[in-house]
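Chains A and B, in that order, are what the protein sequence lines are. Heads up: the first sequence at position 63 corresponds to 63 in UniProt numbering, and the numbers run straight through without jumps. Heads up: the second sequence at position 233 corresponds to 233 in UniProt numbering, and the numbers run straight through without jumps.
Simulated from the structure, these hints should not be mistaken for laboratory data. Among these hints, one or two may not hold up.
Listed below are several chain B residues computed to face chain A (Cβ distance under 8 angstroms; list not exhaustive) [stated by the list, open to error]:
id, residue
1, Gly93
2, Gly96
3, Tyr113
4, Val118
All residues carry an ideal CB built from backbone N, CA and C; glycine is no exception.
Listed here are the chains, written in short residue letters.
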Amino acid sequence: MRVAENLNEALHGLLDDDPTAYVIGEDVLDPYGGAFKITKGLSVRFPGRVIGTPISEGALTGVAAGLALTGNTAVAEIMFGDFVALAFDQICNFASKSVSMYGSRLPLRMIVRCPSGGGRGYGPTHSQSMQKHFIGMPGLSLYEMSPFHDNREVLASMLERGEPCLFFEDKILYTRQMGQTDPMFPVRRDGELAIAEADDRPDCVIIAPGGMAHRALAAMRTLLLEDEISCRLLVPSRLYPLDVEALLPYVNGVVIVAEESTAGGTWGSEVAHLLHGRVWDRLRGPVRLVHSRDSVIPTAAHLESEVLAGESTIHHAVREALRG
Amino acid sequence: MTEILDRLRLSRLGDDDLELLLLIRHFELKLLELYGRGDLNGTTHTCLGQEYVPVALAPLLGEHDHVFSNHRGHGHYLARFRDPHGLLAEIMGRQGAVCGGVGGSQHIHRDRYMSTGVQGESMPVAAGVALHLRRAESGVLACVYIGDGTWGEGAVYEALNLASLWRLPLLVVVENNGIAQSTPTTAQMAGSVASRAAAFGVTHHLVVSTDVNEIRTSLEEPVAAVRAGRPLVVEFATHRLGPHSKGDDIRPADAVQAARDNDWYVRYANDHPDQFHRLDGTIRARVEAIAEEIAARPPSRWEASSSWEAS
Ligand SMILES: Cc1ncc(C[n+]2csc(CCOP(=O)(O)OP(=O)(O)O)c2C)c(N)n1
Ligand SMILES: [Mg+2]
Numbered sequence: 001m002r003v004a005e006n007l008n009e010a011l012h013g014l015l016d017d018d019p020t021a022y023v024i025g026e027d028v029l030d031p032y033g034g035a036f037k038i039t040k041g042l043s044v045r046f047p048g049r050v051i052g053t054p055i056s057e058g059a060l061t062g063v064a065a066g067l068a069l070t071g072n073t074a075v076a077e078i079m080f081g082d083f084v085a086l087a088f089d090q091i092c093n094f095a096s097k098s099v100s101m102y103g104s105r106l107p108l109r110m111i112v113r114c115p116s117g118g119g120r121g122y123g124p125t126h127s128q129s130m131q132k133h134f135i136g137m138p139g140l141s142l143y144e145m146s147p148f149h150d151n152r153e154v155l156a157s158m159l160e161r162g163e164p165c166l167f168f169e170d171k172i173l174y175t176r177q178m179g180q181t182d183p184m185f186p187v188r189r190d191g192e193l194a195i196a197e198a199d200d201r202p203d204c205v206i207i208a209p210g211g212m213a214h215r216a217l218a219a220m221r222t223l224l225l226e227d228e229i230s231c232r233l234l235v236p237s238r239l240y241p242l243d244v245e246a247l248l249p250y251v252n253g254v255v256i257v258a259e260e261s262t263a264g265g266t267w268g269s270e271v272a273h274l275l276h277g278r279v280w281d282r283l284r285g286p287v288r289l290v291h292s293r294d295s296v297i298p299t300a301a302h303l304e305s306e307v308l309a310g311e312s313t314i315h316h317a318v319r320e321a322l323r324g
Numbered sequence: 001m002t003e004i005l006d007r008l009r010l011s012r013l014g015d016d017d018l019e020l021l022l023l024i025r026h027f028e029l030k031l032l033e034l035y036g037r038g039d040l041n042g043t044t045h046t047c048l049g050q051e052y053v054p055v056a057l058a059p060l061l062g063e064h065d066h067v068f069s070n071h072r073g074h075g076h077y078l079a080r081f082r083d084p085h086g087l088l089a090e091i092m093g094r095q096g097a098v099c100g101g102v103g104g105s106q107h108i109h110r111d112r113y114m115s116t117g118v119q120g121e122s123m124p125v126a127a128g129v130a131l132h133l134r135r136a137e138s139g140v141l142a143c144v145y146i147g148d149g150t151w152g153e154g155a156v157y158e159a160l161n162l163a164s165l166w167r168l169p170l171l172v173v174v175e176n177n178g179i180a181q182s183t184p185t186t187a188q189m190a191g192s193v194a195s196r197a198a199a200f201g202v203t204h205h206l207v208v209s210t211d212v213n214e215i216r217t218s219l220e221e222p223v224a225a226v227r228a229g230r231p232l233v234v235e236f237a238t239h240r241l242g243p244h245s246k247g248d249d250i251r252p253a254d255a256v257q258a259a260r261d262n263d264w265y266v267r268y269a270n271d272h273p274d275q276f277h278r279l280d281g282t283i284r285a286r287v288e289a290i291a292e293e294i295a296a297r298p299p300s301r302w303e304a305s306s307s308w309e310a311s
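Kindly produce the complete structure, drawing on both the sequences and the hints.
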């Protein structure tokens, strides 16, 4: 099953199981079913709880918060994650703050879905990875879609937190298969952490969010075949706050964090900071960061691929870390 | 968008105007063909059916006027610069691209022309430019193109308020094609564009005609007033002939038919067959040749990326 279908089924399941659940966003109604078809079939089955809005990201996110405030479960879709910038105030100054700024905890069951990332030639305002702009906001959790985490479970985990969550969905994943991996690197789960490795004595540990996982696996394959370097891949579902404890049993030696975000203030630097504090003496040098260049994301394919971190960026970083 | 078809005969245009209309038409058709063949990546929003809007406005805007365009901007660009080579190279990422292939279809900057793909964002920026113009270049205006759907964004209203309050030379051109992506205007807009403009004391001018000469005449005075600091919303009741972007057209058949019935291209061919057929094939062939020439060019270069290669 494709990742997009798994997410679509997860939303069907949520609306089925939770009579207070709403899905709200631009062009989400049938027969269109959303720009990336993730909401297909929902409005036909749940009329009244699937709401198409005008082009009003700030308002639709605020409405989701209002629904959550009155005890409902709200899932908002931002058509392209880049436009979550238009909802920044509602997320930062209202929804996340409201959880705790009134002195006692005010639970909000609310998810803002952000189709993210480049690689499709949509250009500088439709290709960004906005995760880093939301890191470190009290009362806000960040999750990323992954082929190794069933989306129904992920939605449930987000809602259980009782605080607003952003869900980043790498657009490239939509058309890939759930669970798709390389037979060389079987994937297993330890709680919310997905682990892929060829053997249990890797030369290098790569930590990557869901959208980067297949690029990391592709790099791991060539590293093993061409350079006899064995890597372990760790894919957490929740990016922030990061469950660093869950990572600890699996990290030592050379560690790399790989993500698509452009350089500067990245998720990886947060992960590195947490790991340095906990396992510094188990590391062979500081955690290395792989990310896209410090650049806008160009439209033309040949320029875009120069900017975005991918398989070869990871491959290169691992070799450099191990061989200098 | 409107069901009232303007069935009147289209008046005869100069060859120059007709050529521009046809250039935009064949350029857009070519893009859809290239996408269909997988020769272009990313996305594109064609202005098929709406070509006459920027063509009608072209002589009303001077080279010092600023133009802010949006995601559906190929016609806006071609009407201003008549530069299909630079635009196609931009969209195809080839040498000679207006912005090096970095911006692509939706993000173009040349002289006093700028577009972006984020809806509504340009409105306050255009107001800021208009503020500068009022002080520094009296008589020059800032023109911003937006769609009906873009009236969902709050920035549109904040900008209208400022434009009216500060008497800015701001011309807002609304291409109301009755739909935003998949959402009919009736499902996303309460009230009307006219009443919204009125709420801010901004003049609203409705254009139902697709007759380029007639539109120009009707807009001469109101646009001149913009230059004197009276902001204006010109709303074109128009029709999107093609899909929103590539192949995602789920409109009911009657909506598509209404767009076809209103298409200036077919109507003009009927009303002025000699002139039309004299030029149509020539322009189509010209676009064909341009597309081949651009496709054969090497990939575009971008300064930033050559500095990485060096490093
Ligand atoms: C802030 C923002 N939200 C959503 C989008 C995605 N999007 C691109 S075009 C479009 C519809 C625009 O409709 P309209 O303003 O009527 O212009 P039209 O496409 O009809 O020319 C949408 C929703 C966007 N580009 N920017
Ligand atoms: Mg529209």
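Right, here's what the structure says about each hint:
1. Gly93: holds, 3 angstroms
2. Gly96: Status violated, d = 13 angstroms.
3. Tyr113: Violated - the Cβ of B:Tyr113 stays beyond 8 angstroms from chain A, reaching only about 17 angstroms at its closest.
4. Val118: holds, 5 angstroms
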